[in-house]
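Since the structure of chain Z is already known, use the hints to place chain G on it.
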Amino acid sequence: MMRLHLEHIVVVVVTILTFWRGTASGQEVVNPSSKKSTIIVPTMDRFDITADMLMRLRKNANDLKSDTNLEFPIHTNAGSKEGLPESVLKYVAQQSSARKQRTITAAQVLEFAHDDLSRYKVSTLEGPFGGLSPEAIIITDADKRPALLTCKARIAESIPTLWYKKLTQPGTKKCVQTVLSSVGLVTYQDFDGLDVPVGTGWVIAPGIVITNRHVALTFAPAGKIMKNPVTDKPIEVTINFSREWCGAPDSEFRVTDVLHIVPEPGPDVAILRAELKNTAGQTLPQPLKVVGARPFMNPKDLVAKTVFIAGFPFQDSRNPADAQKKVFADIYGVKRCAPGTLVNDSGKGPTDMLFHDCSTLGGNSGSPVVALTEDETPIVWGLHFQGSYKDRNWAWPLWKIVEVDQIKKILDNSK
Amino acid sequence: MASMSLLVLSSAACLAEPPNPSEKAMIQLTTVYLETPIGRAHRLGFTGELGGAGIVSIDPNTGSLNAFGDVKTGTELVIVPARVSFLPVHRGETSGKDGDRLYDVVGKQLPRMRLLIRSGNRPARLLVLDDAGKTLRVVTLEPAP
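Top line first, the protein sequences correspond to chains Z and G.
Our numbering numbers the first residue of the first sequence as 1 and each following residue consecutively.
Our numbering numbers the first residue of the second sequence as 1 and each following residue consecutively.
Bound-form chain Z, shown alone (with noise of 0.2 Å):
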């Protein structure tokens, strides 16, 4: 069974360095589990696909997905790194000096291999993660990874049937619907008067809402709610609970400060206080819970698991729009609830990052990524941040955020 892996890999890489090459002359590829395995990767001087390649590596892509830790040891050409295109070594630089190791895995080779071809808009080739096409919208399948609608803080659309047994269980829909009432689009007026909806935040304790840093720092960028030069007085930042595409009165509260923004390199975390009652004598929503510590101790077990986003993804440039109308047909800027998976290196590494691939846009910037279980009460294990074009998003885990001096300060005085 392993050797017929490892063959695997060989056809894969020889496939790629075909593709790096445009031919497959000048190659020297030796068994890769061999301490003197040696890869060449020869220049990039063309760029040439067949689809008899493609589905070739389609092919091999989806044998290896269950062997995604079997490493190559990669060394340059005779000293010289000449042979290797540039993206290669940056990825080798990086996975070495972050890993401390010289080897490179056949879910890194494919990784590489998947961003290098998807520039050349090889869309539908298939990566290691779960074998299928990661996208910023990870997977561009409304059925494998939906961004649902809601309506009062439930789920308003038909479910798919991959999640439809996950989220229509009692306790699921308890906790979604706890979620969703907690999850909030943060808004400011310009100078012009204009609202400009920025990213999600959410209830973390009473009276306190959490986002992201670049959140606050657009409404903040000194710290604190910056002033309209006119009237000398703090802009108006608001958080709306509703917003949502049954058209559901609106739920705002006003943003009355910054608590703190934590400044690089710490996680990517604004904390803003919110009025506990509106105008309209609506009380603040319910703080979620955030798991404290990480929830399991080998990281391996994280990946996989199921989790849903919740949160306010806009129409985005930065997406194919026919990638959007598939996953999002054509409604955005309200609240939504996208289940997906944390993938791969989830919980590795030095800043303890948490991956996953449920749909997202932009304004989805500070939405919580919640542990998808049958348990009513939600856990709010990551803070979501950023995206990666066919590649994957980013959260930063909540207990560490929770380790940030000033993060816990506020929020054991808020008890």
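A couple of the hints might just be wrong.
Pairs of lysine to any residue, SDA-like flavour, derived with a Cα cap of 20 Å [stated by the list, open to error]:
| hint | chain 1 | residue 1 | chain 2 | residue 2 |
| --- | --- | --- | --- | --- |
| 1 | Z | K325 | G | A144 |
| 2 | Z | K325 | G | S57 |
| 3 | G | K108 | Z | D192 |
| 4 | Z | K227 | G | K108 |
| 5 | G | K108 | Z | P197 |
| 6 | G | K134 | G | K72 |
| 7 | G | K108 | Z | E376 |
| 8 | G | K108 | Z | V230 |
| 9 | G | K108 | Z | Q189 |
| 10 | G | K72 | Z | T351 |
| 11 | G | K108 | Z | T231 |
| 12 | Z | K348 | G | T73 |
| 13 | G | K72 | Z | Q315 |
| 14 | Z | K415 | Z | P287 |
| 15 | G | K72 | Z | D345 |
| 16 | G | K108 | Z | L194 |
| 17 | Z | K227 | G | R40 |
| 18 | G | K108 | Z | F191 |
| 19 | G | K108 | Z | E236 |
| 20 | Z | K227 | G | P111 |
| 21 | G | K72 | Z | A323 |
| 22 | Z | K325 | G | P145 |
| 23 | G | K108 | Z | P229 |
| 24 | Z | K325 | G | P81 |
Computed, partial: chain G to chain Z, Cβ under 8 Å [claimed, not checked]:
| hint | residue |
| --- | --- |
| 25 | T31 |
| 26 | S57 |
| 27 | P60 |
| 28 | N61 |
| 29 | V71 |
| 30 | T73 |
| 31 | E76 |
| 32 | L77 |
| 33 | V78 |
| 34 | P88 |
| 35 | H90 |
| 36 | Q109 |
| 37 | R112 |
These are calculated hints, taken from the structure and not from any lab test.
Model, not experiment: these values are computed from the prediction.
Backbone N, C-alpha and C fix where the C-beta goes; we use that ideal spot for every residue, glycine too.
Frame of chain Z; chain G shown alone:
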């Protein structure tokens, strides 16, 4: 293809000459990722009708670039669409040098900007102006995907 600066959506053809200001032509142009933003935009997209109405997409998202200069990983702030007009500029110094045309981008939420639609297959430009009309910055535009 890379040098094609203007997409005429109605005919799906590339204009060899910029449109006469009295004619209507559709554009779909974008800047590349701007490390130094224009206002709060790290990327600006322009769609609409020259001499008529259009939309400017204000993309405030920051990101890291891949080896090809494309954004690989980016934040997910809302990309705000702003309604604008692309109004032809009728001034002596700008009245058709080499057949090129200038259009003011008029709308709220934006710094003062102009589009330069150029003849041949030369790429269009975005000009950022100060209040006095002096050009502060020039950015090459490319067809939006």
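Which constraints among the numbered hints does this structure fail? Numbers only, ascending.
6, 7, 25, 34, 35 and 37
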